[in-house]
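I would like the entire structure built from these sequences, with the hints used as guidance.
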Amino acid sequence: MNGPLIVQSDKTLLLEVDHEQAADCRRAIAPFAELERAPEHIHTYRVTPLGLWNARAAGHDAEQVVDALVEYSRYPVPHALLVDIAETMDRYGRLTLSKHPAHGLVLTTTDRPVLEEVLKSKRIAPLVGARIDPDTVAVHPSERGQIKQTLLKLGWPAEDLAGYVDGEAHPIDLAEDGWALRPYQKQAVENFWHGGSGVVVLPCGAGKTLVGAGAMAQARSTTLILVTNTVSARQWKHELVKRTSLTEDEIGEYSGTRKEIRPVTIATYQVLTTRRKGVYPHLELFDSRDWGLIVYDEVHLLPAPVFKFTADLQARRRLGLTATLVREDGRESDVFSLIGPKRFDAPWKEIEAQGYIAPADCVEVRVNLTDSERLAYATAEAEEKYRFCATTDTKRKVTEAIVRRFAGQQILVIGQYIDQLDELGEHLGAPVIKGETSNAQREKLFESFRQGEISVLVVSKVANFSIDLPEATVAIQVSGTFGSRQEEAQRLGRVLRPKADGHQAHFYSVVARDTLDQDFAAHRQRFLAEQGYAYRIMDADEVLADGG
Amino acid sequence: MSTEEKSAAPRSLAEALRVRDDVSLAALLRSRPDLITPVPTDLTQLATRAGTRASVVRALERLDRFALQTAEALAVAPDPASYGELLALMGGDEEDPAVAAALPRAVALLREQALVWGADDRLRLVRTARELLAPSPQHPSPTGLGPSVREATAGMSPGRIQEILGAVGLPSTHDSVSAVSALGALFADRRRMAALLAELPEESREVLARLVWGPPYGQVTHDPAPHLRALLDRGLLLPTAPGTVVLPREVALHLRAGRAHRAPEPVPPPVEAAATHRPQVVDATAAGQALAALATVEELLKEWDEGGPAVLRAGGLSVRDLKRTAVALDVPEPVAAFWVELAYGAGLIASDGEADERYAATPAYDEWRELPPAERWAHLAGTWLTATRTPGVVGGRDAKDRTLSALGPNLDRSAAPEVRHRVLALLAGLPEGASPVEASVLARLRWERPLRGPQREQRETGTGDARDDDLRSRIARWTLSEAELLGVTGRGALAAPGRALIGAPEAPRPAAETEPRGPGDKLPVHHHRTPPAATAPTPAERAAATATAARLLAPLFPEPLDHVLLQADLTAVAPGPLERELADVLGVLADVESKGGATVYRFTPGSVRRALDAGQSAADLHAFLARHSRTPVPQPLTYLIDDVARRHGRLRVGAASAYVRCDDDATLDEILADKRAAALGLRRLAPTVLAAQADPAALLEGLRAIGFAPAAESAAGDVLIARADSRRTPPRAAPEPVPDGPPAPDDTLLAAAIRAVRAGDLASTTPRKPSPGGGEGDGGSGAPGGSLPRTGAAETLATMQAAVLTGEALWIGYVNAEGAASQRVIAPIRVEGGFVTAYDHTADEVRTYPLHRITGVAELADDAG
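Here the protein sequences come in this chain order: A and B. Position 350 of the first sequence, counting from 1, maps to 350 under my numbering, and the rest follow consecutively. Position 56 of the second sequence, counting from 1, maps to 56 under my numbering, and the rest follow consecutively.
None of these hints come from the bench; they were simulated from the model. Some hints here could point you the wrong way.
Claimed, not checked - Calculated pairs, EDC-like style, for lysine to aspartate or glutamate (alpha carbon to alpha carbon, straight line, at most 16 Å): (1) K11/A to E272/B; (2) K397/A to D541/A; (3) K302/B to D591/B; (4) K11/A to E593/B; (5) K595/B to D10/A.
As the list claims (entries may be wrong) - Which chain B residues face chain A? A few, computed with CB under 7 Å, are given here: (6) A284; (7) T285; (8) E357; (9) D569; (10) V573; (11) G597; (12) A598.
Quick reminder that beta carbons are idealized off the backbone N, C-alpha and C, glycines included.
Structure below.
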């Protein structure tokens with residue numbers, strides 16, 4: 001009894017990372033426990049019903065789970081917890097969705113009372129058809145996603161054995177000339193393919209696009225890729241042309257400006273969720289080809305209507321990509337039930353240790369409001385408070401000092417409020433990219449930033465996702481979308497691409513002391529802190545003294 | 001041991017008791033302690049008391065299933081019955097070796113309990129027990145048997161009986177009594193009866209088959225179908241009321257091949273093992289859970305430290321407070337109720353008894369906290385084992401449909417300690433490390449106390465859920481889950497400290513040994529055989545057991561740690577139990593986020609501020625963290641502490657009763673300088689403001705006395721002083737368990753009681769030798785026509801009871817409420833509750849007399865009757 005694992009009564013598992021058995025233990029618990037926090041000494045995993053069911057889906061049984069816990073646990077594992085695990089895992093597979101030769105999609109059970117129980121639910125009733133025999137009930141094929149989602153919520157997850165359609169074949173190969181998939185990317189593709197559908201979680205800058213490309217090369221079929229915006233769509237296209245055997249002509253863009261449907265089509269969430277007269281006119285995209293694979297980029301941003309469409313696509317392979325499965329709307333479980341369970345997850349620090357993402361120095365700079373600002377802040381309307389403290393003048397001075405300090409390096413200044421950004425751009429003599437900047441202009445500015453022609457770029461939240469700025473080494477965040485954890489992670493991701501000379505990246509977050517800004521910052525940083533990114537906290541005076 | 005007299009068979013229970021030796025009397029009194037509260041004066045009184053309904057019911061309830069089945073069989077057997085007749089009823093025509101093996105034990109047990117007396121050829125069930133167990137239309141017997149032919153034909157016309165005799169081919173006789181006995185003999189004769197039944201049509205036999213295992217009553221129409229008519233004609237069904245018929249006992253017994261019970265259960269069902277774990281794993285798991293139990297109780301008390309929830313007017317904790325507690329402890333509500341009740345039962349919390357009544361920790365809690373962990377646990381576990389309060393019923397409703405609240409009234413269930421002890425003892429009977437199948441434990445408990453269990457119907461094979469719902473089964477189930485929560489068991493199996501707690505031997509005994517004992521009229525000693533409650537340990541034994549448990553537990557607890565791991569995400573992880581001092585400080589400085597083997601703490605601005613409020617300085621905190629961290633303190637944590645400390649105390653809050661305000665600083669200087677103002681407790685807060693401790697009226701008064709002319713300002717905030725001390729109740733005793741009936745007497749008391757009874761018995765029997773013995777228990781003296789009869793109270797009662805049976809008239813001396821003595825001749829009808837109801841021949845009406853006013857009793861001379 002001197003294992004690396006401590007099993008807590010709230011079903012969290014504490015793993016002591018410096019323990020000699022830590023690596024073995026991590027492997028043993030990874031199939032069923034979610035990594036929740038990964039700071040320096042003790043990593044926290046959580047055992048959830050979803051995780052246990054995913055483990056069952058992946059072929060693990062309760063005995064293995066219990067063995068893993070008992071084997072590595074430092075203290076005796078509470079009996080109640082073991083019983084609970086066994087009972088929870090036992091709920092999986094009582095119901096199965098499968099193809100019946102005569103009746104199409106059917107829900108069958110090995111335990112009749114369970115079927116009776118779920119059929120009594122008001123939410124299940126509209127999804128099922130005729131009772132075929134006491135243990136079998138027909139399910140409308142279009143409700144496959146819906147019924148899985150609902151059963152999961154009822155606590156009786158169905159095992160989906162109905163399989164996938166292959167889709168229209170289309171040859172796709174990786175063009176590994178002078179590069180190769182990294183080991184973890186290979187592993188992610190393999191896990192995804194083995195599991196059929198699911199989500200791959202990788203840090204920003206760790207090459208999620210290549211995981212998508214790898215999956216496409218496995219599927220070798222027509223692929224629909226859903227991305228957040230047009231810039232991101234172009235980058236996917238660029239990357240696919242560069243990394244695979246696909247040519248420009250084989251890849252279509254389906255966005256506000258272009259409506260191309262090709263063997264590989266990249267569509268934006270925005271165009272899909274455009275609604276006219278109560279209908280979604282672009283929905284037929286999903287049916288326009290016999291897609292063999294659907295890739296959801298930044299799955300944590302998947303808009304609600306897309307969930308609904310996805311429910312209808314359960315027969316097609318689905319790959320979700322994200323850096324943070326944290327959804328501020330708490331719909332993580334919908335992602336799991338509709339796209340699939342998490343198939344691969346790597347702690348940020350582990351990838352960093354392997355050298356695939358740059359080490360980062362995260363600093364929170366606290367600025368003091370002036371006395372008059374404090375008074376104004378205290379009397380501001382509730383809804384104006386955050387804006388007020390986030391755009392305080394002092395931040396500008398601190399930002400300038402940081403920019404001065406890193407003069408010559410590629411610096412991004414990121415913020416939420418256009419006025420603030422315009423003002424900063426003016427003072428720093430740097431171009432500003434915001435919502436109204438045209439795509440052509442954006443790409444031009446990005447390109448010159450990439451070439452090093454300009455070294456400071458001020459961007460609004462339009463640049464939050466999927467823009468590739470290879471040589472940004474310093475990011476300065478002056479304001480953000482309230483307490484959004486995933487935004488913070490995305491922004492840090494801007495500077496994590498490995499640097500040519502291997503030097504450290506810097507991430508500065510400028511925060512107004514003793515205000516809402518500070519509270520939100522604490523919340524925003526939580527995800528990264530749990531990933532092991534410790535924020536140093538500095539006073540603005542120190543920064544100003546350094547820079548001055 | 002045997003001093004019995006072979007010369008004459010005992011003629012009454014009292015006589016049977018008289019020949020028993022002291023050891024066997026002690027066994028009786030130990031298992032039926034209600035018989036010696038108060039100590040009876042002599043054996044006659046003891047026998048009378050042993051025959052009272054309340055005492056017999058209590059004794060029957062303590063019988064195991066087989067002994068009860070035996071008693072039930074005796075109730076339907078002839079009175080007296082021989083051992084052979086009883087064996088035939090229990091085992092049936094084809095003998096059952098298991099029954100034959102177990103029956104001597106059951107008979108011996110019934111004899112020991114004074115429920116059966118008499119030699120083996122004349123076994124008699126005490127009359128009250130017979131009344132309770134024999135079938136009657138109101139109370140169907142558990143055997144499912146109906147009345148005997150004699151009983152069922154009691155009101156029947158002689159002509160009808162003759163018809164029946166004719167139908168079954170018996171010679172007719174005009175004497176109804178011999179006719180009925182001839183019919184009974186025919187029904188009891190297997191061979192002739194088989195022939196009689198063979199004549200019947202198939203449908204008739206089906207009707208009999210439906211009634212054979214009871215209930216034996218059936219409905220017939222005015223004009224019965226031919227196959228029913230055939231049965232009625234032959235007396236195989238006898239009418240009991242218009243439209244109702246009954247299957248006579250003899251017929252049913254024939255159809256059952258002589259068996260009184262469909263399924264005699266001579267052997268207790270074994271407790272089955274569900275799984276076996278290594279004993280080390282069991283002990284370690286239990287120890288882990290024991291530690292968690294201590295942590296939970298301490299957390300609960302900490303939660304309530306500064307004044308707990310309010311006491312409901314009806315007593316107890318409101319549902320909302322229980323919910324809140326459950327959330328705070330992060331457990332389901334029933335489990336929260338368990339912890340709260342445990343702390344209450346252990347005397348750690350109580351109501352503070354103030355006007356605004358609230359729960360708070362008792363002074364005993366502070367003492368308990370100082371004990372070593374293993375002893376703290378032993379105190380809780382010992383309390384739990386003997387408590388009659390059952391947290392399991394919390395949330396349910398009482399008979400008046402009021403919700404039972406935690407800590408509230410009506411939670412005592414007297415069976416709880418015995419069931420808990422018994423469940424653990426059953427676990428102790430399993431091999432080491434084995435966890436039981438819950439259903440088998442429940443089945444065993446039901447076997448041991450069938451009458452306390454669910455009403456046993458003939459549905460043993462039916463779905464079993466409903467019948468597990470009786471109180472004893474529920475308590476047993478709660479016991480299993482609570483034992484796990486407390487760490488008495490680990491992974492379902494009894495751990496070593498738990499075993500010590502119930503004083504169980506180290507090596508498990510084989511579960512179902514049967515003691516071979518002859519059916520002779522010996523009076524066996526049944527010390528370890530009697531139901532376990534009767535041998536409940538004395539307080540001293542219990543204290544020794546808990547001390548042993550604590551000693552066994554102590555080495556199983558992990559060593560407390562003196563360090564934590566600090567992390568940059570502002571958490572601290574204590575990878576094991578912490579030293580108390582460290583845990584206390586850390587508990588203030590950080591919020592607990594996760595509990596278990598380890599503890600995860602999170603530092604927040606709020607928690608750091610709490611530490612600063614508690615008097616720590618930022619430097620103290622830095623030093624504390626540096627001292628207890630194995631790794632450098634992360635910069636964000638250092639910064640957090642400094643940042644909170646920077647703002648801490650910038651605003652100051654205090655209490656003042658009144659203030660003095662003046663635009664002129666000099667006036668205030670003047671007041672402060674004045675010695676007469678000292679009593680007002682003035683302090684300068686700002687150049688133009690003084691705060692005062694005196695109240696506004698006194699302040700005004702004081703200032704006027706000095707010579708100022710102050711004006712009162714409108715009431716603008718009199719500050720209330722909030723108390724933030726730890727609340728403690730005045731010293732409070734923990735609630736005493738409320739046992740069912742008197743406590744089990746110890747050997748000294750028993751010996752004394754027996755000596756007293758014997759002495760009294762001698763006194764009451766010796767001088768009466770010359771008088772001719774009347775009926776049972778009658779030693780009546782005095783004669784009609786003389787002075788008032790005088791007899792002892794016990795003898796009066798016994799004579800009365802005998803007279804109720806025989807229907808004889810008695811001559812009594814009676815003193816009425818005015819003190820006037822009289823003599824009356826009465827025929828007692830009923831004796832109960834200290835009153836005798838009788839037909840008074842003197843007054844020619846039914847009257848009720850208090851027994852204590854009857855000076856004595858004598859039987860009437862034959863000529864007087």
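Restraint: A598/B near chain A, CB-CB cut 7 Å. Satisfied or not? Result: holds, 4 Å to nearest chain A Cβ.
Next on the checklist: Next item in the hint list is D569/B. Is there a CB on chain A closer than 7 Å to its CB?
Outcome noted: It holds, given that the least Cβ distance between D569/B and chain A is near 4 Å, below 7 Å.
Checking one constraint from the list: CA of K302/B to CA of D591/B, max 16 Å. Satisfied?
13 Å, holds
Given A284/B as an interface hint, is the shortest Cβ-Cβ distance to chain A below 7 Å?
4 Å, holds
Check your understanding: Are the Cα atoms of K11/A and E272/B separated by 16 Å or less?
Key -> Violated: K11/A and E272/B sit about 30 Å apart, past 16 Å.
(Q) Given T285/B as an interface hint, is its Cβ closer than 7 Å to any Cβ of chain A? (A) 4 Å, holds
For a C-alpha distance cap of 16 Å, please report whether K397/A and D541/A respect it.
10 Å, holds
Point to revise | 16 Å limit on alpha-carbon distance, applied to hinted pair K11/A and E593/B | key: Answer holds: K11/A to E593/B is near 12 Å, not above 16 Å.
Query raised in the report: Is the shortest C-beta separation between V573/B and chain A less than 7 Å?
Result: 5 Å, holds
G597/B was flagged as interface toward chain A. Is the shortest Cβ-Cβ separation under 7 Å?
3 Å, holds
Hinted pair K595/B and D10/A, Cα distance within 16 Å: 7 Å, holds
ask   = Does E357/B pass the interface hint, meaning its C-beta sits closer than 7 Å to a C-beta of chain A?
value = E357/B check fails; min Cβ-Cβ to chain A is 33 Å, beyond 7 Å.
Violation of the numbered hints given earlier is confined to hints 1, 8; the remaining hints are satisfied by the structure.
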